[in-house]
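These protein sequence lines are chains A and B, in that order.
Just so you know, the first sequence maps onto residues 1 to 459 in this note's numbering.
Just so you know, the second sequence maps onto residues 460 to 603 in this note's numbering.
If you're looking for bench data, these hints aren't it; they were derived computationally from the structure.
Every residue gets a Cβ at the ideal spot worked out from N, C-alpha and C, and that includes glycine.
Don't take every hint at face value.
As the list claims (entries may be wrong) - For each label pair, taking beta carbons as the anchor points, the in silico distance ranges come out as:
(1) A:Gln408 - B:Asp469: 55 to 61 Å
(2) A:Lys184 - B:Asp575: 36 to 42 Å
(3) A:Lys153 - B:Gln578: 57 to 63 Å
(4) B:Leu580 - A:Pro148: 54 to 60 Å
(5) A:Lys50 - B:Glu479: 27 to 33 Å
(6) B:Gly487 - A:Pro183: 50 to 56 Å
(7) B:Met460 - A:Gln47: 53 to 59 Å
(8) B:Val477 - A:Arg428: 36 to 42 Å
(9) A:Asp63 - B:Glu479: 32 to 38 Å
(10) B:Lys475 - A:Glu25: 46 to 52 Å
(11) B:Ser598 - A:Glu421: 35 to 41 Å
(12) A:Asp63 - B:Asp469: 25 to 31 Å
(13) A:Asp376 - B:Leu478: 42 to 48 Å
(14) B:Met460 - A:Glu406: 17 to 23 Å
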Amino acid sequence: MADYQLGLSTPTDSYVFKAKKGLSESVVREISRQKNEPEWMLDIRLQALKQYESMSIPKWGADLSEINWEDIHYYLKPVDKAYKSWEEVPDGVRRVFDAIGVPEAEKKMLAGVGGQYDSEVIYHSLQKVLAKKGVVFLSMDEGLKQFPQIVKKYFGKVVPYGDNKLAALNTAVWSGGSFVYLPKGVVVDLPLQAYFRINSENAGQFERTLIVAEEGSSVHYVEGCSAPAFTSASLHAAVVEVIVQEDAKVRYTTVQNWYKTVYNLVTKRATVGRDARMEWVDCNLGSKITMKYPSCLLMGERAHGEMLSIAVAGEGQHQDAGAKMIHLAPNTTSKITSKSISQHGGRSSYRGQVKMAPQAIGSRSKVVCDALILDDKSRSDTYPNNQIMTGEAILEHEAYVSRIGEEQILYLMSRGMSQKEAESMIIRGFIDPVIQELPMEYAVELNRLVKMEMIGSVG
Amino acid sequence: MKKNIQIIFDKEGMEKNVLEILDARNPGEYEIQIVAEHKVANTKGRITIRAVVGAGAKVRLYGLIKIEKDAHGTDSFLELRALTLDKMAIATVEPELEIEANEVKASHGASVGPVDSEQILYMMSRGLNRTQAIDSVISGWLGV
Chain A
1 MADYQLGLST PTDSYVFKAK KGLSESVVRE ISRQKNEPEW MLDIRLQALK QYESMSIPKW
61 GADLSEINWE DIHYYLKPVD KAYKSWEEVP DGVRRVFDAI GVPEAEKKML AGVGGQYDSE
121 VIYHSLQKVL AKKGVVFLSM DEGLKQFPQI VKKYFGKVVP YGDNKLAALN TAVWSGGSFV
181 YLPKGVVVDL PLQAYFRINS ENAGQFERTL IVAEEGSSVH YVEGCSAPAF TSASLHAAVV
241 EVIVQEDAKV RYTTVQNWYK TVYNLVTKRA TVGRDARMEW VDCNLGSKIT MKYPSCLLMG
301 ERAHGEMLSI AVAGEGQHQD AGAKMIHLAP NTTSKITSKS ISQHGGRSSY RGQVKMAPQA
361 IGSRSKVVCD ALILDDKSRS DTYPNNQIMT GEAILEHEAY VSRIGEEQIL YLMSRGMSQK
421 EAESMIIRGF IDPVIQELPM EYAVELNRLV KMEMIGSVG
Chain B
460 MKKNIQIIFD KEGMEKNVLE ILDARNPGEY EIQIVAEHKV ANTKGRITIR AVVGAGAKVR
520 LYGLIKIEKD AHGTDSFLEL RALTLDKMAI ATVEPELEIE ANEVKASHGA SVGPVDSEQI
580 LYMMSRGLNR TQAIDSVISG WLGV
């Protein structure tokens, strides 16, 4: 981690356009005008804004009372257009990306790289092979320009703006994010990845991602997040919508390392069709407060939803994360595996829901939550809600909270390890089931991040 | 039917085993809420709720294990189980944990599921009729 400085921040006075702080109808109109959007999108934005104003801040989860909603830039536009190649990207921006290793990622022949610098995707490369297959991988803004019919058909259908206050806010001021479209039967072998990054103090990030996987297609989408150090809190309120049609398979992996002042309030949801499969892999390390509950609506028979997550909460952090599995058809299956670590006074909570509708006959769900508490200042909670509306479905839920087993440490120490090495090894073993599911370079990065988070408690 | 149970562990070395059985074979709404609070060090709790849920019954089982800061050495386990006898049975299970101490062992398990049809078929092959077979599965499951 030596060459990766979280405090790295490039001056951002050179924004082409910076909306005034705070939110109003004129700001929303201005965003839409800047982007040259079709009329219907502006209508949706304005409706969402009204909805946002009428809704109250959710109080059932983490403490959001410290967010100063008036003190946020709702739109930043650093460059005029998205760049196709690395050479075109301006120096200042490039330095930040160099620090987080985008060129290396590309060298590894990844399928496509989209980088988000503030509110605009400015770096985007797409392999010709993908384009030939008919796969679309664009920034959401570009997607709206080039494929307005597809966007109009699915935008806001999985996460409507009335869903919650943050979803309404995102719909009103969204900017950037990814648009992925897979035609029928197309299988993308390499992961598609986008790098997100907040780089201006108080810059709100409201990216919007839409993934449409047509019948029989398959894709693995990866997003990694990193934000530089700032003094006052900034807000990340993304919305991710995934449509998995019959027989298709989508895996969505997030490695999230927001700086410790960021409020990360994200709505992620997928609809899953007959015999289709949706998998969320979610790693939450940074941020001040995270509230994130990726969901699967299992709408077709034999649909499968899966969630694998790691949360690490350190000093002053609250990771309130979980998953939702809504079984709406017969013989659907789901599995939630959640692992959390609390240390240095941090708090991690699992909050999840499994719901089986009366017609979800023969469905099965399994939920496993494991938590480690490393010191006596920290806290861990589990808040599951399992509603089984039919007598012919099976639900299993288990949770376990403990500290690192003394016997395990003693055993490893008897084999010649120091206490710190032993603790470190046990923690790595604890999160290993999730790490194994990550693409190689993310697994390496996450191992480093976890290690860095553990400095002080684990060497 | 609604029942609230509070179990407080406020003496060091305290041990408690609690078993609640809920018969919800008749239609209606049933709810059991159980809260176990561990306030002092070295206490041990074993809490089990088992419910048999029939047609037209709606059951909610809620259990919370709360371990306060000073309650080191707590060992607590909570189990919420619902056996559904009919397609028209509804069960909600909410096992929660709130843990503020680190030298603890706390876990919970919850399940909802129908009577195992293989067990029924086996017993019917041994001469029991369907009702008898289901009854014996239930009593075996309840452990009474």
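Checked hints:
1. A:Gln408 - B:Asp469: 55 to 61 Å: violated, 32 Å
2. A:Lys184 - B:Asp575: 36 to 42 Å: holds, 41 Å
3. A:Lys153 - B:Gln578: 57 to 63 Å: Since lysine 153 of chain A and glutamine 578 of chain B have Cβ atoms about 49 Å apart, the given range 57 to 63 Å is violated.
4. B:Leu580 - A:Pro148: 54 to 60 Å: holds, 58 Å
5. A:Lys50 - B:Glu479: 27 to 33 Å: violated, 49 Å
6. B:Gly487 - A:Pro183: 50 to 56 Å: holds, 52 Å
7. B:Met460 - A:Gln47: 53 to 59 Å: 45 Å Cβ-Cβ, so the 53 to 59 Å window is violated.
8. B:Val477 - A:Arg428: 36 to 42 Å: holds, 38 Å
9. A:Asp63 - B:Glu479: 32 to 38 Å: holds, 34 Å
10. B:Lys475 - A:Glu25: 46 to 52 Å: Check failed, 60 Å falls outside 46 to 52 Å.
11. B:Ser598 - A:Glu421: 35 to 41 Å: violated, 52 Å
12. A:Asp63 - B:Asp469: 25 to 31 Å: Holds: the Cβ-Cβ distance is about 29 Å, inside 25 to 31 Å.
13. A:Asp376 - B:Leu478: 42 to 48 Å: For leucine 478 of chain B against aspartate 376 of chain A, whose Cβ atoms are near 32 Å apart, the range 42 to 48 Å is violated.
14. B:Met460 - A:Glu406: 17 to 23 Å: violated, 44 Å
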